[in-house]
Amino acid sequence: MADLKLAYWPGCVSRGFTPELHGSMALVADRLGIELVELDRANCCGAGVIAEHNTELADTLNARTFALAQSTGLAMMNICSTCQGAQSECQQRLDADSAYRAHINEALADEGLEYEKGKEGWTNKNFLWILVEEYGLDRLREQVTRPLGELRVGPFYGCYILRPKHRIGYEDHPDRDLYLERLIEALGATPVEYDGARKCCGFPVITMNRETSLRQRTRSTRTPTAWSRPARSAT
Amino acid sequence: MPEYTLKVRRYQPETGEGPYWQEFKVELDPDLSVLDGLLKVRDEQDGSLVVRCSCRAAICGSCGTKINGQSTLACKTQLGDAQHGAGRRAQDGTAPIVVEPMGNMPVVKDLVTDMESTHWEKIRRVTPWLLPEGDPPEREYVVPPESMIDVTQSMACIQCGACVSACLSMEADPEFVGPAALAKAYRFVGDPRDGQTRERLYDLAQDPHGIYDCTHCFQCVDACPKGVAPMDQIMRLRRKAGHDQDIDDVNNGRRHETAFTKIIERKGTLDESLLLQESYAQGFVGKLMPTSGAIKGLLGSLPTAIRGLRTGKMRSLPKLIPGVHHKLPGDAQQHVKRAYEHAEEHREELNLYITGEEEIEPEADEAQEPLASAVGGGRQDMDKVTEGGSEAAGEAAPTPEADVEPEPDEEGDR
Ligand code: SF4
Ligand code: SF4
Ligand code: FES
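Sequence lines, in order, name chains A and B.
Under the numbering used here, the letters of the first sequence match residues 1 to 235, in that order.
Under the numbering used here, the letters of the second sequence match residues 236 to 649, in that order.
What the hints contain is simulated information worked out from the structure, not anything from laboratory work.
Just so you know, these numbers come straight off a predicted model, no measurement behind them.
Each hint should be verified, as a subset may be incorrect.
[Unchecked claim] Ranges of calculated distance between the beta carbons of each label pair, as one might list FRET restraints:
#1 B:Pro409 with A:Gln143: 17 to 27 Å
#2 A:Leu214 with B:Arg359: 37 to 47 Å
#3 A:Thr72 with B:Pro237: 41 to 51 Å
#4 B:Pro409 with A:Thr190: 50 to 60 Å
#5 A:Phe203 with B:Asp483: 50 to 60 Å
#6 B:Asp481 with A:Gly33: 45 to 55 Å
#7 B:Val378 with A:Val192: 50 to 60 Å
#8 A:Glu193 with B:Pro265: 41 to 51 Å
#9 A:Glu20 with B:Met383: 27 to 37 Å
#10 A:Thr190 with B:His319: 23 to 33 Å
#11 B:Gln431 with A:Leu214: 48 to 58 Å
[As the list claims (entries may be wrong)] Only pairs whose alpha carbons sit at most 27 Å apart, straight line, appear in this in silico DSS-like list of lysine-lysine:
#12 A:Lys165 with A:Lys117
#13 B:Lys502 with B:Lys562
#14 B:Lys572 with A:Lys5
#15 B:Lys242 with A:Lys165
#16 B:Lys260 with B:Lys275
#17 A:Lys117 with B:Lys242
#18 B:Lys242 with B:Lys275
#19 B:Lys260 with B:Lys344
#20 A:Lys165 with A:Lys119
Just so it is clear, CB atoms sit at the ideal spot from N, CA and C, and this is done for glycine as well.
So here's chain A without its partners, still in its complex pose (with noise of 0.2 Å):
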């Protein structure tokens, strides 16, 4: 019962270090019915790198990926946080005005390409937000065969799907914020509140400054909720 299909941006990092995060999405979105049609042609988000070297040329690229997302008749579907960050800056920018739009779908003719603002049904939704807004917590729920039970188990969101909140989407969602406590609630484990769930892994600077990225890190991982414990009194 495929009721959820997809056009599927798998991201680099999943082809790379981390390729544990396409194959864990994988056999859970089998297991539930979403189908997915990989956009084997589309590229890199830039990561806010390419950003940083050039702000149209990054968003070329993603008008691309979204072009060949929009070919397929279907809404997109990634699995990386901060490829949710890197395209949405570049959406919003190719959404805020129809001159520029037209200028980057210049460089897409040729492929015969084109991002179509608005396109009736498309959006571009990480896996997470597929999952809690399109699948639905207590359909998953239903699913569940083997509780997660005694599991604590401590969110770490990625800095790209919470902030800036204007930019991905949180006047209509506001909760995007909470979705993983929720989904770790559904699957029957506790979710563990600490200061770093919402904080920076590090790595944007682990190549720059590699003292600053791993302080965060550790910040990141280590520290417990300040509002949880009493106040210390060293401030």
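Model the placement of chain B with the ligands on the given structure of chain A, informed by the hints.
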């Protein structure tokens, strides 16, 4: 009138006690601000509560605070919204509104922080005044209006420190120049009257805690009450330093960015092994001799890769070898190259702060399909984004309705 519980983090150093939480109940209109709530507490319940404020209208920048963990202005946050935020997170509509002093700064007393070392000193660090070249013109400087509009976004800063409070690089590296100061740096780098553009950029690129110490976490963008989007200004500084001025930085940031961009041009998707190698030692396999720093960096990253292998995260050894990577099928790579040519030729930079956004077509919004709500289609929540974006305005060259505020930063310290 609804009743709100404010859970305030108190600190009264003269008592010799550490910080503690205290809850206060106030009855107020939901449209009034958290600051109004705090002032009512101070007036009616506890005169010892210390709060800093002045304008009560998001202009003076005095009342930076953390509300439910979010750095913001207490006078710009309505009680009703704050209650909703507190309840949402705790899944309990009556959960208290949590009010704390700003982060990344020493607390002086209760909600008042010392902004000297973490904010003002850093603002002074970027030379926040105009350094024109040559003799001043006989009359006023004449500059194209567009170029001044370009810096209005960074000029909108009211020095509240909310971005500094939220900054995750600052939390890990207190020496980081930081979002507010770097946004201020752009204000002068982008000013056509300034004669030290290159020197300013060189300075910030040579500082290991400068423009390449930002971790791209967007915290400052969400925190800023004036839509300055400090991170966007930092990225513009990087583009100006790396591309326009050809400046190499001490943090290898430009090298990393160039390597990344080149790899996508060649391969369409990211080959991480190649990136790791090229970020540290560009041209390692080519003709260029790597610098000693590059070799150190590359060796430094090996433990990460080897640990990855041991834990089985990197399934196969080939993934470690730069250049062995997935390729796009057919002629797809040709078309990626075409996108590169087009974009590198124009390098157009659309600034939404200036152009505003087009109206979202109503059909797209109202369609009932489950997947119909446009992701990221929302308007920016900014004071000064123009409401422009009628179809006509979108077609023509964007007409900036610059409601330029007088610049607050030249009024000196408060
Ligand atoms: S994006 Fe950069 S400057 Fe802004 S809060 Fe994060 S680390 Fe700090
Ligand atoms: S950039 Fe925004 S948040 Fe930062 S000090 Fe200025 S007004 Fe406050
Ligand atoms: S009191 Fe002036 S900004 Fe809040």
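Unsatisfied constraints (hint numbers, rising): 1, 2, 4, 5, 8, 9, 11, 14, 17
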